[in-house]
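Protein chains in written order, with the working numbering: chain A, 0 to 308; chain B, -13 to 105.
Worth double-checking, as some hints may not be accurate.
Just a few of them, taken from the derived set where beta-carbon distance is under 10 Å, the chain B residues facing chain A [what the hints assert, rightly or not]:
hint	residue
1	D(-1)
2	R0
3	V8
4	L17
5	A18
6	R20
7	L24
8	E62
9	V67
10	F81
11	V85
12	L93
13	T100
If you are wondering where the hints come from, they were derived from the structure by calculation, not from laboratory data. Bear in mind the structure is a predicted one, so any value in this text is a computation, not a measurement. Just so you know, even glycine gets a beta-carbon here, dropped at the ideal spot from N, CA and C.
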Amino acid sequence: MLPATAAALAVLAALLAWPVPAWLGRVRWPRRDPLVALVCWQAVGLAGGLSIVGALLVHGLAPWGHSLPEAGWAVLTGRSAADPVRGDHWGALTLAAVLTVELLGVLALSWARTARTRRRHRELLELVVQPSPAAPDARLLEHPAPVAFCIPGARPLLVLSSGMVAELDDDQLAAVVAHERAHLAEHHHLYLLPFVAWEAALPVLPAAARAHAAVRELVEMRADDRALATLGGPDPRRTLAQAIVVAAGGAGGGVPDGALAVAGSAVVARVVRLVTPPPPLPPAARAAALLAAGLLLLAPTVLLLLPAV
Amino acid sequence: MASLGDLERTVMDRLWAADGPVAAAGLRDALAERGLALTTVHTVLSRLEAKGFVEHDDARPRRFRPTATREQHAAELMHEVLGRSGDRQAVLARFVGGVDPEEARLLRQLLEETAPDAR
Chain A
0 MLPATAAALA
10 VLAALLAWPV
20 PAWLGRVRWP
30 RRDPLVALVC
40 WQAVGLAGGL
50 SIVGALLVHG
60 LAPWGHSLPE
70 AGWAVLTGRS
80 AADPVRGDHW
90 GALTLAAVLT
100 VELLGVLALS
110 WARTARTRRR
120 HRELLELVVQ
130 PSPAAPDARL
140 LEHPAPVAFC
150 IPGARPLLVL
160 SSGMVAELDD
170 DQLAAVVAHE
180 RAHLAEHHHL
190 YLLPFVAWEA
200 ALPVLPAAAR
210 AHAAVRELVE
220 MRADDRALAT
230 LGGPDPRRTL
240 AQAIVVAAGG
250 AGGGVPDGAL
260 AVAGSAVVAR
270 VVRLVTPPPP
280 LPPAARAAAL
290 LAAGLLLLAP
300 TVLLLLPAV
Chain B
-13 MASLGDLERT
-3 VMDRLWAADG
7 PVAAAGLRDA
17 LAERGLALTT
27 VHTVLSRLEA
37 KGFVEHDDAR
47 PRRFRPTATR
57 EQHAAELMHE
67 VLGRSGDRQA
77 VLARFVGGVD
87 PEEARLLRQL
97 LEETAPDAR
């Protein structure tokens, strides 16, 4: 096997561990098309995992054969290595195993823990709140704070607090409900899952936390877009923006001024793109981004499966 | 035919409304209009107990009471949702996270500046 394959995968892994997520987190175009950006993030997350584990495997298995399928088959069928197996080969294999187990373990663990918490929340809500016949999947929780959220799952629930209902007019409330239904309809919790795993498995990697935050933000923007498509009224963008501002400022009260403006926050970004919508991404740019995402996934796959020359 | 979830809610409502602990027979009598068998009431109660919503004392017959008020349950849930404890993955997407006062001011200003002028 050519060490070049392992080197290429390692370079790809390094790019995906820092410069690529940093760039994708900094550029402005994702907010013009959150869905395409979400696809790109998924590709970065998957290709990153594939290339780092792949690089370690390719290097570690090099003594057994000239390509990963060949070497893997040789190991599985118990043939002995053609070349001497050195310490660094064992080291790479161990690291590959640890990383794989950690990533998949964290994924399974957070899945299980989340499922348990959601079940408890659902039980609680179904017991505490009488469902209204008009909206059987929605619950109104008695609480002064203006809060809306949804609990994904086989029987999803949409929850509004009485504080939220009190603060918003009917159109704004409809916008909030449409936003939450968009999350549920598009299963946005699944988009977040790989990044939860990355962040938990490699807390030292700053890109992991960054990627997670970016994906959370994009999921909200995507839900805003989906909600707008279903809303009537004279100015749905403004209605939704108002709902966001009311819900965000719910604590309200005295507002000290003179502090530094923090325009970078996710909520501000959402409101800005609602009231001053950026032009949608041109079809060519969309296609290019999707193509890049596809190539990003294809590159490590090909490097892993291709027999070395 | 009422679902089990529906029955659980009804029983909890009764327990919350009661002044003190209630025995299963008392619950059956209070829900007489539903014509429940005593075994059904016991099934519902043990399910509620397994979920941690109900506890019983050592009297004979055993008497049941809620572990927390309706408001306490709501407050606990909100506490987790508002992100001060627990698992923030479990709740997807609170509609809006909290913002600090300065951001809130910025947001209101933004809305005013972009308000349609035609009025």
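(request) Classify the hint on R20(B) as holds or violated, based on whether any CB of chain A lies nearer than 10 Å to its CB. (result) violated, 16 Å
(message) Let's test the interface hint: is any C-beta of chain A closer than 10 Å to that of V67(B)?
(response) At about 6 Å, which falls below the 10 Å cut-off, the nearest Cβ of chain A leaves the hint on V67(B) intact, so it holds.
(message) Can you verify the interface hint for L93(B): is its Cβ closer than 10 Å to any Cβ in chain A?
(response) Holds. Min distance 5 Å.
(message) Hint L17(B) vs chain A: min CB-CB distance below 10 Å?
(response) violated, 16 Å
(message) Hint validation: V8(B) versus chain A, beta carbon distance must be below 10 Å. Holds or violated?
(response) violated, 17 Å
(request) Mind checking the CB of V85(B) against every CB in chain A and telling me if the closest is under 10 Å? (result) holds, 5 Å
(message) Less than 10 Å between beta-carbons is the criterion; does L24(B) satisfy it with respect to chain A?
(response) The hint is violated - L24(B) has no Cβ within 10 Å of chain A, the shortest such distance being about 22 Å.
(message) The hint names D(-1)(B) as touching chain A; please verify it with the least Cβ-Cβ distance against 10 Å.
(response) Status holds, d = 9 Å.
(request) Grab the minimum C-beta distance from E62(B) to chain A and call the hint holds if it beats 10 Å, violated otherwise. (result) holds, 8 Å
(message) Holds or violated: the hint that A18(B) contacts chain A, with Cβ atoms closer than 10 Å.
(response) violated, 21 Å
(message) The hint names T100(B) as touching chain A; please verify it with the least Cβ-Cβ distance against 10 Å.
(response) holds, 4 Å
(request) Using Cβ atoms only, decide whether R0(B) comes closer than 10 Å to chain A, and label the hint accordingly. (result) Hint violated; R0(B) Cβ to chain A Cβ min 12 Å, cut 10 Å.
Taken one by one, the earlier hints fail for this structure at numbers 2, 3, 4, 5, 6, 7, listed in ascending order.
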